[in-house]
Amino acid sequence: MRHSSDQRKSHSHDRLYAPIDTAPTATAAKEDGITATMTYDGENEAPKHRTHADSDESMATITPQEDDGTTLEGHEQRPALPPRPSLLGDRPTTPLSPRKRPALQSKPTTAVSSVDIQTLSFPDGSRGTFPTPGSRSVSEAGHGISGGTSTPSSRKVSQNGSEFDDSTSLMSYTPTLRANGDLASLLDEGLNSQSPAWKLLSSQADNVNLFETIDYEDNALLNFDQEFDEVEAVDSKGGNEEQVLLLWKAKLKHYLILSSAGKPIYSRHGDQNLINGYIGIIQTIISFFQDAKDPLMGFTAGGTRFVVLIEGPLYFVAISKLGESDSQLRAQLEALYMQILSTLTLPTLTQLFTNRPNTDLRRPLEGTETLLSSLADTFTKGSPSALLSALECLKIRKSQRHTINNTLLKARTEKLLYGLVVAGGRLVSVIRPKRHSLHPSDLSLIFNMLFEAGSVKAGGGENWIPVCLPGFNKTGYLYMYVSFINAHDGEESSSDQRPSTAGSSPEDEIAILLISTDKESFYELKQMRDDVVAQLESNGSMGIIKAAVRQGRPSTADIVPGTQLRHFLYKSRANVQFMMPSLSPDFSSPLARRKLMSLYHNLHASTHAKHSHVKVLHCVARDSNSLVWTTPLFEFYCIAGPNTSRAGLTHGANKVIQWVKREEERVFIIGGAVF
Amino acid sequence: MAARGPAGSRVGNSRFAQFKLVLLGESAVGKSSIVLRFVKDQFDSYRESTIGAAFLTQTISLDENTTVKFEIWDTAGQERYKSLAPMYYRNANCAVVVYDITQASSLDKAKQWVKELQRQANENIIIALAGNKLDLVTEQPDKRAIQTADAEAYAREAGLLFFETSAKTAENVRELFTSIAKKLPLDQAGPRNPRSGGRGGVELRPDTPGTQAGGPCSC
Numbered sequence: 001m002r003h004s005s006d007q008r009k010s011h012s013h014d015r016l017y018a019p020i021d022t023a024p025t026a027t028a029a030k031e032d033g034i035t036a037t038m039t040y041d042g043e044n045e046a047p048k049h050r051t052h053a054d055s056d057e058s059m060a061t062i063t064p065q066e067d068d069g070t071t072l073e074g075h076e077q078r079p080a081l082p083p084r085p086s087l088l089g090d091r092p093t094t095p096l097s098p099r100k101r102p103a104l105q106s107k108p109t110t111a112v113s114s115v116d117i118q119t120l121s122f123p124d125g126s127r128g129t130f131p132t133p134g135s136r137s138v139s140e141a142g143h144g145i146s147g148g149t150s151t152p153s154s155r156k157v158s159q160n161g162s163e164f165d166d167s168t169s170l171m172s173y174t175p176t177l178r179a180n181g182d183l184a185s186l187l188d189e190g191l192n193s194q195s196p197a198w199k200l201l202s203s204q205a206d207n208v209n210l211f212e213t214i215d216y217e218d219n220a221l222l223n224f225d226q227e228f229d230e231v232e233a234v235d236s237k238g239g240n241e242e243q244v245l246l247l248w249k250a251k252l253k254h255y256l257i258l259s260s261a262g263k264p265i266y267s268r269h270g271d272q273n274l275i276n277g278y279i280g281i282i283q284t285i286i287s288f289f290q291d292a293k294d295p296l297m298g299f300t301a302g303g304t305r306f307v308v309l310i311e312g313p314l315y316f317v318a319i320s321k322l323g324e325s326d327s328q329l330r331a332q333l334e335a336l337y338m339q340i341l342s343t344l345t346l347p348t349l350t351q352l353f354t355n356r357p358n359t360d361l362r363r364p365l366e367g368t369e370t371l372l373s374s375l376a377d378t379f380t381k382g383s384p385s386a387l388l389s390a391l392e393c394l395k396i397r398k399s400q401r402h403t404i405n406n407t408l409l410k411a412r413t414e415k416l417l418y419g420l421v422v423a424g425g426r427l428v429s430v431i432r433p434k435r436h437s438l439h440p441s442d443l444s445l446i447f448n449m450l451f452e453a454g455s456v457k458a459g460g461g462e463n464w465i466p467v468c469l470p471g472f473n474k475t476g477y478l479y480m481y482v483s484f485i486n487a488h489d490g491e492e493s494s495s496d497q498r499p500s501t502a503g504s505s506p507e508d509e510i511a512i513l514l515i516s517t518d519k520e521s522f523y524e525l526k527q528m529r530d531d532v533v534a535q536l537e538s539n540g541s542m543g544i545i546k547a548a549v550r551q552g553r554p555s556t557a558d559i560v561p562g563t564q565l566r567h568f569l570y571k572s573r574a575n576v577q578f579m580m581p582s583l584s585p586d587f588s589s590p591l592a593r594r595k596l597m598s599l600y601h602n603l604h605a606s607t608h609a610k611h612s613h614v615k616v617l618h619c620v621a622r623d624s625n626s627l628v629w630t631t632p633l634f635e636f637y638c639i640a641g642p643n644t645s646r647a648g649l650t651h652g653a654n655k656v657i658q659w660v661k662r663e664e665e666r667v668f669i670i671g672g673a674v675f
Numbered sequence: 001m002a003a004r005g006p007a008g009s010r011v012g013n014s015r016f017a018q019f020k021l022v023l024l025g026e027s028a029v030g031k032s033s034i035v036l037r038f039v040k041d042q043f044d045s046y047r048e049s050t051i052g053a054a055f056l057t058q059t060i061s062l063d064e065n066t067t068v069k070f071e072i073w074d075t076a077g078q079e080r081y082k083s084l085a086p087m088y089y090r091n092a093n094c095a096v097v098v099y100d101i102t103q104a105s106s107l108d109k110a111k112q113w114v115k116e117l118q119r120q121a122n123e124n125i126i127i128a129l130a131g132n133k134l135d136l137v138t139e140q141p142d143k144r145a146i147q148t149a150d151a152e153a154y155a156r157e158a159g160l161l162f163f164e165t166s167a168k169t170a171e172n173v174r175e176l177f178t179s180i181a182k183k184l185p186l187d188q189a190g191p192r193n194p195r196s197g198g199r200g201g202v203e204l205r206p207d208t209p210g211t212q213a214g215g216p217c218s219c
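Chains as they are written, first to last, in full-length UniProt numbering: chain A, 1 to 675; chain B, 1 to 219.
This is chain B alone, in the form it adopts within the complex (with noise of 0.2 Å):
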């Protein structure tokens, strides 16, 4: 698989910027209704497994000057698939790690993918840890397993940006894409995110939008 960084390209005042992005999870925590969510805007309840990983694409408007594109790479969370992951995120420049709220599993599971992530991935990777099905909960609040508190301390120890969604009611999907878009080195000039001690993950920082935008492209 050819390597494919960000590409950024700047025509006269609005920039453009690509990046490769991958879902990663347990099985049945809604990563592929994540993704549909967030690429077509529709919620299928009866949806079936994924089989292998998806490829998609979704482009955002971060500003009427900045234009973001993601190249999704959604896999697949059963166990059989997990030697294929690194395909997948070996050259990506941000993951969603996603676990289910209802289930308590389901969040250890992501630790280990954030863990591997850290470990294997890229060293500026941007890392998200959504937390869906937010809306099972807003229905019956005892269905939940896993306290907002608990997994937010979590993010922030690990260094990664943190949601709750919800894909079937749309709750944060857009906006944890955003967010993710926002971290990102829109501009090529030089690394963004200096890996931070030993720990090899990303600085998790306050939403800084613009931030970026400062240098000129090197193009």
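Chain A on its own, in the form it takes in the complex (with noise of 0.2 Å):
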């Protein structure tokens, strides 16, 4: 994490005062970032590179200097430069813009060790410009109105062929090149103990809690607790609206949704009054860089960070003050995406609007509001499984899970496409049809519909609910049946079963869902269900479930006693799929769950930059420590205080990998069962 302060001294000298730049620079910059756009073997898929391409364009094209900033195209045509050694060995990612950098000479900053900085291609410009170690803040780009003034990726990406680049000299960045090792010989050189001041802040307290620490005086999360609070209306006469703009600017994250035609269809937060002036000039801005060819991907105003998607007739804006990059941005935006479309199809949606291109589509997504709201607190509040694009399973053995899989196989009717047992959230088993898989982006949807927002478990029925699932079809819908258990509850029968407005938490209600092409096969499936019910609790199954569910995810202590990890993510890459302890107890506020997931993004965000190559990163704040590892097997993040050894943190994590791979086939649905 922290290379000697002499050496970060200068390069924060460098970076700080060096001569604006010049184009050549900036086209460097950007073709390296076109190949690292190439290589880099992230989970992303290629389309979504292409997007950050398109991204750098237009942030170009916003800023002053606009011919400056042209498109890929043009800089293709321009002669080869001779790209500067500095710029192709390590850092195809540029700094911050001039005028966020005064602000970052006093702000704790994330800190990067020498053994990471050549892994670490991309910088967040505020880091490695901190001369102290022992105070960096990872969690800097969650502070917005300082280092965080864009999202990390903004800075890694969209910055990259921008004006921004101009003005910094790439060079500043060079770290000293080392060989890639593996994470003991990289974690295990004591340089915790070689810097002074290190040693003297960690004399000072071993064990400081996390995020006890930080000064929170200019940290965005300050009104995170009003985060979900309702904007009111603006009364007729409008004599409340200055306040309630207040509130509505307070808020640290927007998902706007609108037509091309300017009519507004979605915003998380303020009435229709309110919005729709924005809608209007949002409309504007977009429309006007779409009539030039030059989709407009992103921009950032302030401390804030504007991220824009386009889909067809639909334009999606999510506006966050929380440091997230564009790519996760992005992401988000592609889950309110196929939320619309899970419940329109695709052909409808299309429909809609080349017959009135002037459609509202507020009317035919009347009632899905909740939906797209739950999703997009899902994000506010940050979620492991969107962040990592995965899902969670219950941990059980690996026969009593056999035994469920078994089971569903045995009911399993003519009309059933996919059947699945999903408790909390966390999916305990499923079973499908040999040729198709089920997609973590649909499973997500139905999560979210059944979890997050109430409408279908406060029914406290049985559902019959038809849903588009655009991973398996987005021209058509499947119908699915969804009955609830309660965890607590001693019968099984959903019919007796209490709302959820009668208390019981989401994290204890059961689901079978059982999923069907036939609209008609409602009384089929019912039948399975019964007996899939009658099954699971004679052979004594639900009481697994039900004894799993009320257990809870294990503390980060019951998996590896005595560690100072604090909490961790492990996703296995293979069976797209994670695994993460408790949040309690050091999670359970939002407000700290928020900090968490902020960190976590940060280092999903500097791992899978375009053109990072990170494998490993260790990142030492003022209130944290963390790390994150990546092979081609798994992704793993973790945490712990701010005061930890990098050897207690390295140790940790080894134990909680070993842990995980011990229990991988507890942890995760490997295979599946398949008919």
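Errors might be hidden in some of the hints.
Below, a list of computed lysine to aspartate or glutamate pairs in the EDC-like style, where the Cα atoms sit at most 16 Å apart [said to hold, decoys possible]:
#1 K415/A - D558/A
#2 K381/A - E227/A
#3 K82/B - E520/A
#4 K395/A - E665/A
#5 K546/A - D508/A
#6 K168/B - E71/B
#7 K526/A - E71/B
#8 K82/B - E366/A
#9 K410/A - E537/A
Hints are computed from structural coordinates only; laboratory data are not their basis.
Please dock the two separately framed chains into a single complex, following the hints provided.
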């Protein structure tokens, strides 16, 4: 995490006072960015990279000196300039814009160790500039105004080809290149002990709790407690407009959906009267770039990042002060789009707008605002599942899962396409036809509907829901039978269920989902459900599921006794599933949870930036100490208190990874049951 | 979806019958709230829209010998679900068409549903019209958009049972379902409600509890 202070100081000096670079630098950076796009082997698919490239263009166009930031094509036509060695070698990305930099000098930032720095091929401009090792804040980006003026990715990606580059010397980022070692050799160097400042800090308190020491003066999360409060409507006389507007602007996260004709479709906060003006402005801005065949992907205003996603006739805008990267925000917008498709199907959506470009989509989407909002709030609260695009499974023994799978397979009826048992948003069992797999994004839509939005659960009965699963087939509906079983109930009959209003948390709900392509198959699937539940009761599986649900996730200390780790995420890439310990006790409050998730988002952004080749990243901050480690098999993120030694962190990480390896077949559904 | 007609049985002196009931009406008139009140005797002011349809059951006793089980399809009112409605009312024995007495347009929608039911559904279907949110006009009489007399006149003309209900205060909710149950053919022997000429609806007859208690059960 830390290189020696002299080295770092000189870097920051270079960077801060470097003369403004000229176009060739930007070009080189851009080309470099493109190359990186091609070689990047992250889990995002190619089209997304293309998107990033687009984002570069638009960033360029909206900055004042317009002609410099021309499109990629323009660059490609220029005579090739020999890239600076430093650019190609290690720093495809670029620093912050000059107007943000002054703030950085006095702010805590992420520290990057010398061993990491060459792999850490992005740099949040703030990183590496700050002189004191012990006081760096990893979650700087979450602080909006200061270092986090833009999201990490906006620094890494969007500014890559923009004018912002021109103002800074990329050379100044040159770290010392070193060979990439494995985790142990990287982290066992005992660099911690080399810094006197670190020693001093460490000696002061051995056991400072996470997030306790941070000062909140410029913390954008200050208002997080009010984030989900409703913004009242502007009254008819408009007397309270100013006050309402203040409340609205204080929200850390906004999601807006509008049609290309400028009709509002959805806004997370604020009623129609309040947002209409903004919808108009946004529509104008986006359409301007659309007309120029140079779509706008995102821009930054003050401490707020705007990211735009255009899907046919729909414009999606995410406005975030939480410091997520562009690609993370775009993934969230895509999820909202999927939710709309899930309600309407693509042909219906297309047809509506083909027939009448002026269509008011609020009408056809009526009643699904709650689904969009619960999805949006999941993102604002911070969702590991959304971040990692992976699912979480209920941890039970392999043989127990096998029994449940077989019970489902045995009770399977002709009309069944997918059969799932889900407990508290965690997958227990899936059966599926051999030739169809279930797309994680589809499942997250279903989980959102069932466990986050109250509408289905509140009914208390059995449900028959037409739903389009875009990952499966975005042109048609499937029909989903759902019944809930409360893990705290003795009886299994869903019709005796108390609705969610009676106080059972979504964590306690066990749902049986049976999906068919036939809309007439309700009674058939209902019969199958009755058979499955009866069988699960008689073979003891229901008791096992209920016990596992009631027990909740294990704490980090249960998994590795005595560890200094407070929380971790482990994603198995092959299974597209992740595992995490309980959020309590350290992260049970929404604010602590958001901070944790912001940290994970930053770590994720660092290792998933399109030109990033970071495999291991250790971040030391004033309030936390964190590590990310990615291999072709897994992604591992963990966090510990601020004074945890690097050795302690890696030791904990290794222990957890060994544990997951050992428990793999319990923690994850491997293979799954097919028919 | 399997055809499920009324299933009746008689053990000793007690009778048990099962009927399929469907709730229809514009969105946000309170269909789910009426069901929640009827099935669980609960009310939730911040109820979210129903997605798709919910299937619930509730059993009521008409008298000490007679038990009626309702299988209730609580449908979502949004336009996009309209094409699914036939599968819910296809074999229904009874329907509750709900409107909101504070929303004039919701009665128009209710009339469309009644028309569709009378044209498409089971010819013996018993339809009840329910004007919900009675509690709102009890507090603020000027909120009422549909006069009781007007709705009642329409119901009489169309041959419907009629109640003004409040899911919030429970007023008339149980009465609504009970009077439907009383009109249902509790015994399987022969059609009870011969089609009244041309209109395709059911006769609106005064509540006559026990009229159907006549002949012996066919099973």
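Each hint tested on the structure:
1. K415/A - D558/A: Outside the cut-off at roughly 43 Å; violated.
2. K381/A - E227/A: 9 Å, holds
3. K82/B - E520/A: Given that 16 Å is the threshold and the Cα spacing comes to 15 Å, the pair holds.
4. K395/A - E665/A: 9 Å, holds
5. K546/A - D508/A: Holds, because 8 Å separates the two Cα atoms, which is no more than 16 Å.
6. K168/B - E71/B: Measuring from Cα to Cα gives roughly 22 Å; hence the hint is violated.
7. K526/A - E71/B: 13 Å, holds
8. K82/B - E366/A: 13 Å, holds
9. K410/A - E537/A: 15 Å, holds
Violated hints, listed in ascending order, are 1 and 6; each of the other numbered hints is respected by the structure.
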